[in-house]
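When you number the sequence shown by this note's numbering, it's gap-free, plus one each residue, and the end is 54.
Calculated from the structure, these hints are not laboratory results.
Backbone N, C-alpha and C fix where the C-beta goes; we use that ideal spot for every residue, glycine too.
Incorrect hints may have been included.
Simulated restraints, written as ranges between beta carbons of each label pair [as the list claims (entries may be wrong)]: (1) Asp44 / Asp23: 15 to 21 Å; (2) Asp48 / Cys14: 28 to 34 Å; (3) Pro10 / Ser50: 31 to 37 Å; (4) Arg22 / Asp44: 15 to 21 Å; (5) Ser50 / Pro8: 35 to 41 Å; (6) Ala49 / Ser9: 32 to 38 Å.
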Amino acid sequence: MPSPLVECVPNFSEGRDPETLGALRAALTGVPGVKLLDVQADASHHRS
7 MPSPLVECVP NFSEGRDPET LGALRAALTG VPGVKLLDVQ ADASHHRS
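Throw the hints in and build the complete structure from the sequences for me.
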């Protein structure tokens with residue numbers, strides 16, 4: 007039986023600073039078993 011899939015769509019109040027976005031990406035992908043499927047940053051609305 008395959009493992010269950012839990013999908014989460016977080017909304018971070020950061021869409022302009024690539025260093026912060028990189029740190030968020032590293033924190034998420036550093037968790038065993040977690041897969042980051044997509045990242046969309048919107049500098050106009052300051053959201054990711």
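- With respect to the beta-carbon atoms only, verify the hint that Ser50 and Pro8 lie 35 to 41 Å apart. Roughly 39 Å apart at Cβ, these two residues keep to the hinted range, so it holds.
- Lying within 28 to 34 Å: is that true of the beta-carbon distance Asp48 to Cys14? 18 Å, violated
- When you take the CB atoms of Arg22 and Asp44, is the distance between them in 15 to 21 Å? Check passed, 19 Å falls within 15 to 21 Å.
- Message: Taking 31 to 37 Å as the stated bounds, is the beta-carbon spacing between Pro10 and Ser50 within them?
- Response: About 36 Å separates the Cβ atoms of Pro10 and Ser50, which means 31 to 37 Å holds.
- Outcome of range test on Cβ distance (Asp44, Asp23; 15 to 21 Å): 19 Å, holds
- Item | Ala49 versus Ser9 beta-carbon gap, inside 32 to 38 Å or not | 36 Å, holds
The structure does not agree with numbered hint 2 stated previously, though it agrees with all others.
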